[in-house]
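Protein chains: 2
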Amino acid sequence: MIAEIIAAGSEMLTPFRQDTNSLYLTEGLNDLGVTVAFKTIVGDSLDHLTEAARNALQRADIVIFSGGLGPTEDDLTREAAAAALGLTLHPDPAIIAALYKRFAERRIAITPNNAKQADILDGAMLLENKNGTAPGQFLVTTYRGKKRYVALLPGPPKELKPLFDEQVKPRLAALLPTRFLAKRLLRMALIPESQVDARTSPIYKLYEDVETTILAGSGEIQLHFQCVAATLAQAQARVDELAERIEREMGDDIFSSHGESLDEVILLMLGMRHQTLATAESCTGGMLAQRLTAIPNSSRAFIGGAVTYSASMKALFCNVPPELIESQGAVSEPVARAMAEGIQTTTGASYGIGITGLAGPGGGSQGTDEGKPVGLVYIGITDATGPEPVTQIKQLQLMGDRERIRWWATQHALELFRRQLL
Amino acid sequence: MIAEIIAAGSEMLTPFRQDTNSLYLTEGLNDLGVTVAFKTIVGDSLDHLTEAARNALQRADIVIFSGGLGPTEDDLTREAAAAALGLTLHPDPAIIAALYKRFAERRIAITPNNAKQADILDGAMLLENKNGTAPGQFLVTTYRGKKRYVALLPGPPKELKPLFDEQVKPRLAALLPTRFLAKRLLRMALIPESQVDARTSPIYKLYEDVETTILAGSGEIQLHFQCVAATLAQAQARVDELAERIEREMGDDIFSSHGESLDEVILLMLGMRHQTLATAESCTGGMLAQRLTAIPNSSRAFIGGAVTYSASMKALFCNVPPELIESQGAVSEPVARAMAEGIQTTTGASYGIGITGLAGPGGGSQGTDEGKPVGLVYIGITDATGPEPVTQIKQLQLMGDRERIRWWATQHALELFRRQLL
Chain A
1 MIAEIIAAGS
11 EMLTPFRQDT
21 NSLYLTEGLN
31 DLGVTVAFKT
41 IVGDSLDHLT
51 EAARNALQRA
61 DIVIFSGGLG
71 PTEDDLTREA
81 AAAALGLTLH
91 PDPAIIAALY
101 KRFAERRIAI
111 TPNNAKQADI
121 LDGAMLLENK
131 NGTAPGQFLV
141 TTYRGKKRYV
151 ALLPGPPKEL
161 KPLFDEQVKP
171 RLAALLPTRF
181 LAKRLLRMAL
191 IPESQVDART
201 SPIYKLYEDV
211 ETTILAGSGE
221 IQLHFQCVAA
231 TLAQAQARVD
241 ELAERIEREM
251 GDDIFSSHGE
261 SLDEVILLML
271 GMRHQTLATA
281 ESCTGGMLAQ
291 RLTAIPNSSR
301 AFIGGAVTYS
311 ASMKALFCNV
321 PPELIESQGA
331 VSEPVARAMA
341 EGIQTTTGAS
351 YGIGITGLAG
361 PGGGSQGTDE
371 GKPVGLVYIG
381 ITDATGPEPV
391 TQIKQLQLMG
401 DRERIRWWAT
411 QHALELFRRQ
421 LL
Chain B
1 MIAEIIAAGS
11 EMLTPFRQDT
21 NSLYLTEGLN
31 DLGVTVAFKT
41 IVGDSLDHLT
51 EAARNALQRA
61 DIVIFSGGLG
71 PTEDDLTREA
81 AAAALGLTLH
91 PDPAIIAALY
101 KRFAERRIAI
111 TPNNAKQADI
121 LDGAMLLENK
131 NGTAPGQFLV
141 TTYRGKKRYV
151 ALLPGPPKEL
161 KPLFDEQVKP
171 RLAALLPTRF
181 LAKRLLRMAL
191 IPESQVDART
201 SPIYKLYEDV
211 ETTILAGSGE
221 IQLHFQCVAA
231 TLAQAQARVD
241 ELAERIEREM
251 GDDIFSSHGE
261 SLDEVILLML
271 GMRHQTLATA
281 ESCTGGMLAQ
291 RLTAIPNSSR
301 AFIGGAVTYS
311 ASMKALFCNV
321 PPELIESQGA
331 VSEPVARAMA
341 EGIQTTTGAS
351 YGIGITGLAG
361 PGGGSQGTDE
371 GKPVGLVYIG
381 ITDATGPEPV
391 TQIKQLQLMG
401 DRERIRWWAT
411 QHALELFRRQ
421 LL
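Protein chains in written order, with the UniProt record's numbering: chain A, 1 to 422; chain B, 1 to 422.
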């Protein structure tokens with residue numbers, strides 16, 4: 001079974017906007033055992049949309065339209081689907097009544113345009129839209145003698161998602177062969193993809209019934225497993241068995257065995273031990289704190305931090321001696337150490353992390369930092385949970401632009417800290 | 001003239017990866033007066049890719065392929081384009097020689113697969129790829145009697161972008177009618193789109209030769225103008241005249257008259273006055289500092305800040321009296337005021353910004369914050385440039401999830417600060 005997703009809307013053919021609904025729809029379709037084979041993005045032209053619909057009906061078993069169901073002249077998905085399928089549209093009296101009611105409640109006069117939202121394809125089921133005016137439609141039909149499943153969904157994600165999940169997915173599930181799917185996600189940081197593949201492929205290749213996907217990017221490797229079996233328990237058992245064998249092979253390299261993010265894992269580990277963390281950031285400028293505080297309830301473990309973007313701030317918040325910066329440069333091992341130790345001492349947290357580096361675009365230009373290359377980063381981590389505080393330092397030479405260097409510096413700091421917590 | 005972009009790669013038909021090259025290509029094509037009418041995303045199947053190529057050649061004047069030019073079995077764009085166009089592929093000796101040289105330099109044996117990267121379509125020009133092994137191709141041809149411009153580009157953005165800009169765009173520009181395009185971008189923050197449209201549409205509608213696009217999202221409104229005229233000077237004059245009339249109408253609501261970001265504008269304003277800023281963040285957890293420090297050379301004006309995620313940190317870094325938090329709650333006007341004043345005084349910056357709020361998902365649950373709603377945010381801004389420090393406070397009730405509330409809180413803080421700097 002293959003599917004095609006057609007996203008309708010001229011704004012998605014500009015440099016400014018992108019179809020994102022299809023990612024969500026794809027995940028849901030994959031759950032049903034359906035592969036998305038084509039995605040087409042097309043503007044608000046009846047000819048173009050009708051042609052896209054014809055191509056899709058020709059080549060895909062399931063065709064899902066997103067967008068173009070509103071009340072304006074540019075909303076042409078109903079008309080295009082009707083033209084491609086050779087069906088007529090008829091107004092649904094219940095929808096018309098509901099529209100009148102909705103407008104009356106808000107004391108707005110209904111315009112004739114709005115009525116077109118009640119037009120439904122002959123033979124289609126209406127999909128009630130609780131979050132907007134345009135209902136969706138679902139149709140089982142034939143196109144040139146072949147069986148086709150067609151869904152029309154509104155474009156706004158907060159309307160499309162519940163409509164798809166609650167009304168399209170269950171209908172498709174009932175019509176397609178029953179299938180039991182289990183999934184699992186393992187995550188790792190900062191390991192080369194080739195190394196992960198070399199170590200894990202001898203294992204996952206033994207599990208031909210489990211589909212393994214390796215995704216790499218932004219300093220993270222994800223291993224996605226999914227399995228379809230005769231029962232859900234059987235599918236889950238296969239996925240879990242493979243995941244556990246991979247976990248034994250990769251050991252501590254795996255930071256998440258059920259999909260949690262690196263930030264979440266660290267906060268969980270700290271929370272379980274009733275320990276706390278404080279940060280002092282120079283080149284990352286608050287990105288590390290921002291990542292940690294993006295997680296709900298992070299305040300239990302993350303107590304705060306300092307963004308020390310100048311020598312005087314490093315002295316003020318972390319007690320870094322100005323002479324140290326003068327003699328060693330702000331981007332140096334001793335300063336990273338002093339930042340980590342200083343923020344730990346000042347705040348009384350269990351752990352302190354200090355980051356200093358050159359994020360670019362220019363390299364070091366002042367005093368003792370002169371000539372240091374863009375991408376040079378020092379990370380210090382102070383552990384004050386033992387009898388004596390201990391600080392470890394890591395020096396990195398990162399590549400890329402300012403944004404990439406900053407991100408990778410936080411990723412390295414978090415991963416280094418996680419390994420220390422183990 | 002219409003174009004279609006075909007993105008080849010099965011990974012873009014998963015829930016995890018998306019085509020983004022087409023946004024870049026669309027901008028470049030629009031510059032040439034070409035409208036992108038269709039985008040097709042297709043997997044690594046020769047049949048599917050050939051069918052997509054045929055559809056595109058049938059309906060679009062310009063067809064641009066991205067991806068599928070590498071050395072693996074899954075790289076099938078060359079073969080599909082050849083099949084759709086009814087052309088044969090022939091190996092280019094110069095490319096083969098270059099591949100051998102590249103591999104020899106790295107002392108790696110060349111595999112037969114690699115040789116397919118040298119296959120070019122009959123009649124196509126080779127586009128040298130300085131950032132990878134697979135060259136691009138450009139072809140002017142006919143398909144069913146109609147003139148067609150076809151480009152094959154490698155998928156990695158750092159290979160595709162320079163190839164498109166340096167080798168495809170100039171060739172298309174030379175083949176298409178000459179055209180002089182001028183653009184301009186005005187940006188505003190936190191104004192309802194409907195209000196911007198009501199105030200500006202009577203003006204921009206007078207300029208029928210200028211295309212106006214309003215984009216809204218994440219607390220920002222952008223007005224994009226572009227004009228094509230007989231000369232570049234004429235196009236620029238029309239765009240500038242309209243932009244200046246809109247600027248007179250919207251006045252200080254416009255933060256950027258040439259496309260700069262809100263963060264950049266604030267850092268520029270501070271830099272020109274030789275003034276500095278420090279921040280104290282609770283609910284935004286470093287996001288404000290992170291946004292400002294994302295801009296190169298921000299250290300000239302942004303000296304640093306504190307992330308005060310607990311009462312003791314607010315006392316430590318901003319001298320907020322613990323009694324004040326106990327009596328008023330951490331999320332309160334007096335605490336926002338004390339944070340702004342405290343961080344300004346502690347750091348000696350010209351200005352201090354303090355943010356405290358409830359980002360959710362839970363509302364206030366402790367002490368005097370109990371019962372305060374999610375989304376309640378207080379922003380304090382202290383101006384210490386006059387004879388006496390002055391602090392202004394803004395109370396907000398923001399909507400949405402944690403990430404949205406945090407973003408909008410920083411957006412409000414920056415916009416409030418910009419207006420104060422005016």
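One or more of the hints may lead you astray.
Put simply, identical chains are the same to the list, so a pair is met inside one copy or across any two.
[Claimed, not checked] Subject to a maximum C-alpha distance of 20 angstroms in a straight line, what follows is the list of computed SDA-like cross-link-like pairs (lysine to any residue):
#, residue 1, residue 2
1, K158, E241
2, K394, V374
3, K147, D165
4, K101, G145
5, K161, P15
6, K158, M399
7, K130, P373
8, K161, H274
9, K394, G123
10, K205, R238
11, K158, W408
12, K116, Y207
13, K146, E51
14, K116, P156
15, K101, T213
16, K372, S332
17, K158, E403
18, K183, A216
19, K158, Q236
It is worth saying that the hints were derived from the structure and are not from the lab.
At most 20 angstroms between alpha carbons: which applies to K130 and P373, within, between, both or neither?
The answer is neither: 56 angstroms in one copy and 24 angstroms across copies each exceed 20 angstroms.
At most 20 angstroms between alpha carbons: which applies to K158 and E403, within, between, both or neither?
Between. Shortest inter-copy distance 16 angstroms satisfies the 20 angstroms Cα cut-off; intra-copy 30 angstroms does not.
When no copy is named, should K116 and P156 be tagged within, between, both, or neither for a Cα gap of at most 20 angstroms?
within (18 angstroms within a copy, 43 angstroms between copies)
Could you figure out if K101 and G145 sit no more than 20 angstroms apart (CA to CA) within one copy, between two copies, both or neither?
For K101 and G145, neither the intra-copy (41 angstroms) nor the inter-copy (55 angstroms) Cα distance is at most 20 angstroms.
With identical chains treated as interchangeable, where does the CA-CA distance between K183 and A216 reach 20 angstroms or less: within a copy, between copies, both, or neither?
within (18 angstroms within a copy, 37 angstroms between copies)
How would you classify K158 and W408 at a CA-CA limit of 20 angstroms: within, between, both, or neither?
The answer is between: 19 angstroms across copies meets 20 angstroms, while 32 angstroms in one copy does not.
Under a CA distance limit of 20 angstroms, which applies to K161 and H274: within one copy, between copies, both, or neither?
neither (38 angstroms within a copy, 49 angstroms between copies)
Under a CA distance limit of 20 angstroms, which applies to K147 and D165: within one copy, between copies, both, or neither?
Answer is neither: 22 angstroms inside a copy and 45 angstroms across each miss the 20 angstroms cutoff.
Evaluate K394 and V374 at a C-alpha cut-off of 20 angstroms and name the case that applies: within, between, both or neither.
Within one copy only: 16 angstroms inside a chain, 39 angstroms across chains, cut-off 20 angstroms.
Have a look at K394 and G123 and pick one of within, between, both or neither, based on CA distance no larger than 20 angstroms.
neither (66 angstroms within a copy, 54 angstroms between copies)
Pop the pair K161 and P15 into one bin, within, between, both or neither, using alpha-carbon distances up to 20 angstroms.
For K161 and P15, only the inter-copy Cα distance (14 angstroms) is at most 20 angstroms; the intra-copy one is 25 angstroms.
Which holds for K158 with Q236 at a C-alpha limit of 20 angstroms: within a copy, between copies, both or neither?
Answer is neither; intra-copy 30 angstroms and inter-copy 40 angstroms both fail.
Figure legend: structure checked against the earlier numbered hints; hints not met, in rising order: 1, 3, 4, 7, 8, 9, 12, 15 and 19.
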